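Engineer: Listed below, chain by chain, are the residues.
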Amino acid sequence: AQRVTQPEKLLSVFKGAPVELKCNYSYSGSPELFWYVQYSRQRLQLLLRHISRESIKGFTADLNKGETSFHLKKPFAQEEDSAMYYCALKGDTGFQKLVFGTGTRLLVSP
Amino acid sequence: KAGVTQTPRYLIKTRGQQVTLSCSPISGHRSVSWYQQTPGQGLQFLFEYFSETQRNKGNFPGRFSGRQFSNSRSEMNVSTLELGDSALYLCASSGLAGTGELFFGEGSRLTVL
Numbered sequence: 001a002q003r004v005t006q007p008e009k010l011l012s013v014f015k016g017a018p019v020e021l022k023c024n025y026s027y028s029g030s031p032e033l034f035w036y037v038q039y040s041r042q043r044l045q046l047l048l049r050h051i052s053r054e055s056i057k058g059f060t061a062d063l064n065k066g067e068t069s070f071h072l073k074k075p076f077a078q079e080e081d082s083a084m085y086y087c088a089l090k091g092d093t094g095f096q097k098l099v100f101g102t103g104t105r106l107l108v109s110p
Numbered sequence: 111k112a113g114v115t116q117t118p119r120y121l122i123k124t125r126g127q128q129v130t131l132s133c134s135p136i137s138g139h140r141s142v143s144w145y146q147q148t149p150g151q152g153l154q155f156l157f158e159y160f161s162e163t164q165r166n167k168g169n170f171p172g173r174f175s176g177r178q179f180s181n182s183r184s185e186m187n188v189s190t191l192e193l194g195d196s197a198l199y200l201c202a203s204s205g206l207a208g209t210g211e212l213f214f215g216e217g218s219r220l221t222v223l
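As given, the protein sequences belong to chains A and B, one line each in that order.
Sequential numbering from 1 applies to the first sequence in the working numbering.
Sequential numbering from 111 applies to the second sequence in the working numbering.
FYI, nobody ran anything at the bench for these hints, they're computed from the structure.
Watch out, some of these pointers could steer you wrong.
Lysine to aspartate or glutamate pairs mimicking EDC-like chemistry, simulated, CA-CA at most 20 Å apart [as the list claims (entries may be wrong)]:
#1 B:K167 <-> A:D92
#2 A:K57 <-> B:E192
#3 A:K22 <-> A:D81
Sample of chain A residues at the chain B side, in silico, Cβ under 10 Å [claimed, not checked]:
#4 F14
#5 K15
#6 E32
Model, not experiment: these values are computed from the prediction.
Cβ coordinates follow ideal geometry from the N, Cα and C atoms, glycine included.
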């Protein structure tokens, strides 16, 4: 079965502090992992995907198959990073089905 | 280009009724997926359509159905509504097969009384 776990419902940090949003997954095949973000009054949108190995808005995430994790990190949080973050897994079936975690709300205070 | 458009944005129904939600994908996108979002369960996959064919279905009862038209627009229907069907229904479209990059609409918020 495919499962994504985000253990923290809320993560509150001060501006300039490092951020790490945790994501663990369960999947027997070769998954693709994603982070989606929803800013206030905006649509859910893709932030980054593990296969691209890129940094978006200062965020990075590395797929650790040994620990089945895909944590999202940023060295210095900004107030505009405040949003709801969802980790998602796509199986290797070729279809677009995503399994989402329950989300972590990041609150960055000045 | 215009984003994914969902209608209606809000609706209220009573138990036992049925509802049809509509989704217009981004022009050129052929894959449309539907998700149910609730505070307790989060985002749960309902189904995916590609070129008018249902490719994948989530673990929802048969009361939940959908279809896709030749212009890629999609509808989902929920019959015999139950209180637990109250949720935000999100539609997402994708232009590239199997990439996992979904473009979401704003959702249709269904309240069942």
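Engineer: Each of the hints needs a verdict: does it hold here or not?
Structural biologist: Outcome of the hint check:
1. B:K167 <-> A:D92: Answer holds: K167 of chain B to D92 of chain A is near 16 Å, not above 20 Å.
2. A:K57 <-> B:E192: The given pair, whose Cα atoms are some 42 Å apart, is violated under the 20 Å limit.
3. A:K22 <-> A:D81: holds (16 Å)
4. F14: With Cβ-Cβ at 27 Å, over 10 Å, it is violated.
5. K15: violated (28 Å)
6. E32: holds (5 Å)
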